[in-house]
Amino acid sequence: MSNRVFVIGVGMTKFEKPGRREGWDYPQMAKEAGNKALEDAGVTYDAIQQAYVGYVYGESCSGHRAAYELGLTGIPIFNVNSNCSTGSSALYLAAQAIRSGQSDVTLALGFEKMNPGSLGTTFDDREQPMGNHMQLLAEISEVRFPPAPWMFGAAGREHMEQYGTTPEHFAKIGFKNHKHSVNNPYAQFQQEYTLEEILGSPEIYSPLTKLQCSPTSDGSGAAVLASEKYVDEHGLAGQAVEIVGQALVTDFMSTFESRTARDIIGYDMNVHAARAAYEQAGLGPEDVQVIELHDCFSANELWLYEALGLCGEGEAGKLIDNDDTTYGGRWVVNPSGGLISKGHPLGATGLAQCAELTWQLRGTADARQVDNVTAALQHNVGLGGSAVVSLYQRAER
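Per full-length UniProt numbering, the very first residue in the sequence shown carries number 1; after that it's consecutive.
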């Protein structure tokens with residue numbers, strides 16, 4: 001029988017345009033987020049028994065260098081890199097160390113220092129991790145660069161062709177997330193746009209316009225996790241949030257055999273991860289009130305409505321038209337502004353999602369607070385690939 005896992009402290013930096021804060025290198029980012037999480041948990045770094053540190057762009061052992069800003073205690077530190085799901089993969093591993101009984105207190109830390117503009121490759125003298133994904137997509141879709149908006153835009157087009165979804169449905173997602181971010185002081189962007197402005201912004205790859213795409217970002221996020229024993233012994237139930245279900249899933253044969261853009265961007269992974277997390281938690285989508293999901297592009301958020309079970313296949317457009325994913329609707333999806341508006345420093349994204357949902361469950365999300373939150377859902381995906389789904393409830397429950 002596995003041990004219960006609780007989030008007892010979270011912290012993050014404001015997400016920024018790359019290079020905007022002078023002298024703000026990744027050690028400074030990690031120190032800021034990590035110390036906030038430790039302070040929130042009411043523990044010192046000496047209490048941490050293992051640390052899992054995630055980043056995508058950086059040299060070997062950058063995770064060690066980042067964690068050393070918090071202390072030098074000789075503990076095991078693991079560097080984690082899993083593309084855009086890096087932060088949640090670090091969270092999963094930190095939780096696993098507690099579930100297995102190896103540790104009572106662990107740290108998940110993520111950061112990214114990015115270059116402006118579209119994502120590029122670092123090593124061009126070897127096979128690219130997503131080479132197979134992109135080769136298949138090139139066989140079923142026109143090739144466009146940069147690759148990321150092409151991949152997700154092609155999946156958006158696929159939904160339009162199969163189910164009659166319109167460009168306005170995708171734009172409404174961008175509209176919602178930018179509107180939500182106005183109330184998030186940690187967000188890279190805090191500006192609301194009209195639907196017409198979303199639709200009229202520069203086209204990146206139809207149906208995606210610029211205001212429906214996540215930016216490159218600098219920033220960091222962190223979470224301190226603890227066992228039930230530690231929570232009880234230190235009287236932390238009042239602030240603790242339990243991870244009641246969690247699954248990490250990688251690609252299946254269907255990713256390539258289905259020959260669909262939606263599976264190339266992780267749809268099948270997302271479905272399996274969600275089902276496994278729901279089963280662990282004994283909850284379904286109808287039991288959660290707030291969701292932070294991986295809206296790297298509006299097309300991904302739309303497909304995720306179906307993958308996570310918020311609606312049936314082909315019904316995402318109806319969900320959007322009914323305003324079921326914002327305040328006053330069935331769920332509030334991405335109250336933080338999501339990746340589109342909050343920003344997307346790859347290694348930090350999953351931990352920023354964890355922070356937002358922890359604040360929502362504690363009732364401390366200020367102007368973003370969702371009413372009567374009893375359970376929350378987190379989704380984070382990285383192509384190449386892995387999907388991580390986590391379900392949270394307050395400790396008192």
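Be careful, since some hints might not be right.
What the hints assert, rightly or not - Listed below are the simulated DSBU-like cross-link pairs for lysine-lysine, each with C-alpha atoms no more than 35 Å apart in a straight line:
(1) K318 <-> K36
(2) K318 <-> K179
(3) K31 <-> K14
(4) K210 <-> K318
(5) K179 <-> K229
(6) K14 <-> K318
(7) K229 <-> K210
(8) K179 <-> K14
(9) K210 <-> K36
(10) K229 <-> K31
(11) K36 <-> K17
(12) K179 <-> K17
(13) K31 <-> K179
(14) K31 <-> K318
(15) K229 <-> K17
Claimed, not checked - Ranges between beta-carbon positions, derived for each pair:
(16) K229 <-> G117: 25 to 35 Å
(17) S206 <-> T122: 52 to 62 Å
(18) G120 <-> K179: 23 to 33 Å
(19) F256 <-> K318: 29 to 39 Å
(20) P146 <-> R259: 19 to 29 Å
For the record, the hints were derived by calculation from the structure and aren't laboratory data.
The structure displayed is predicted, hence computed values, not measured ones.
Positions of the beta carbon are idealized from the N, C-alpha and C atoms, including for glycine.
Between the beta carbons of G120 and K179, is the distance compatible with 23 to 33 Å? Check passed, 31 Å falls within 23 to 33 Å.
If you check the beta carbons of S206 and T122, does the distance land in 52 to 62 Å? At 29 Å between Cβs, range violated.
Does K229 pair with K210 here, judged by a C-alpha cut-off of 35 Å? Between K229 and K210 the Cα gap is close to 48 Å, so the pair fails against 35 Å, i.e. violated.
Return holds or violated for the Cβ distance of K229 and G117 against the range 25 to 35 Å. Roughly 47 Å apart at Cβ, these two residues miss the hinted range, so it is violated.
When you check the alpha-carbon spacing of K14 and K318, does it fall within 35 Å? Answer holds: K14 to K318 is near 34 Å, not above 35 Å.
K31 paired with K179 [C-alpha distance capped at 35 Å]: holds (30 Å)
Given the hint of 19 to 29 Å, check if P146 and R259 actually sit that far apart at their C-beta atoms. holds (23 Å)
So if I understand the rule, the pair passes when the alpha-carbon distance is 35 Å or less; does K179 with K14 pass? Answer holds: K179 to K14 is near 17 Å, not above 35 Å.
Hint consistency between K31 and K14 [alpha-carbon to alpha-carbon, up to 35 Å]: With a Cα-Cα distance of about 13 Å, the restraint between K31 and K14 holds, given a limit of 35 Å.
Does K318 sit within 35 Å of K210, going by the straight-line distance between their CA atoms? holds (24 Å)
Given the hint that K179 pairs with K229, does the C-alpha gap stay at or below 35 Å? violated (41 Å)
Within a Cα-Cα threshold of 35 Å, do K318 and K179 meet the stated pairing? holds (20 Å)
The structure fails to meet hints 1, 5, 7, 14, 15, 16 and 17 from the earlier list, while all remaining hints are met.
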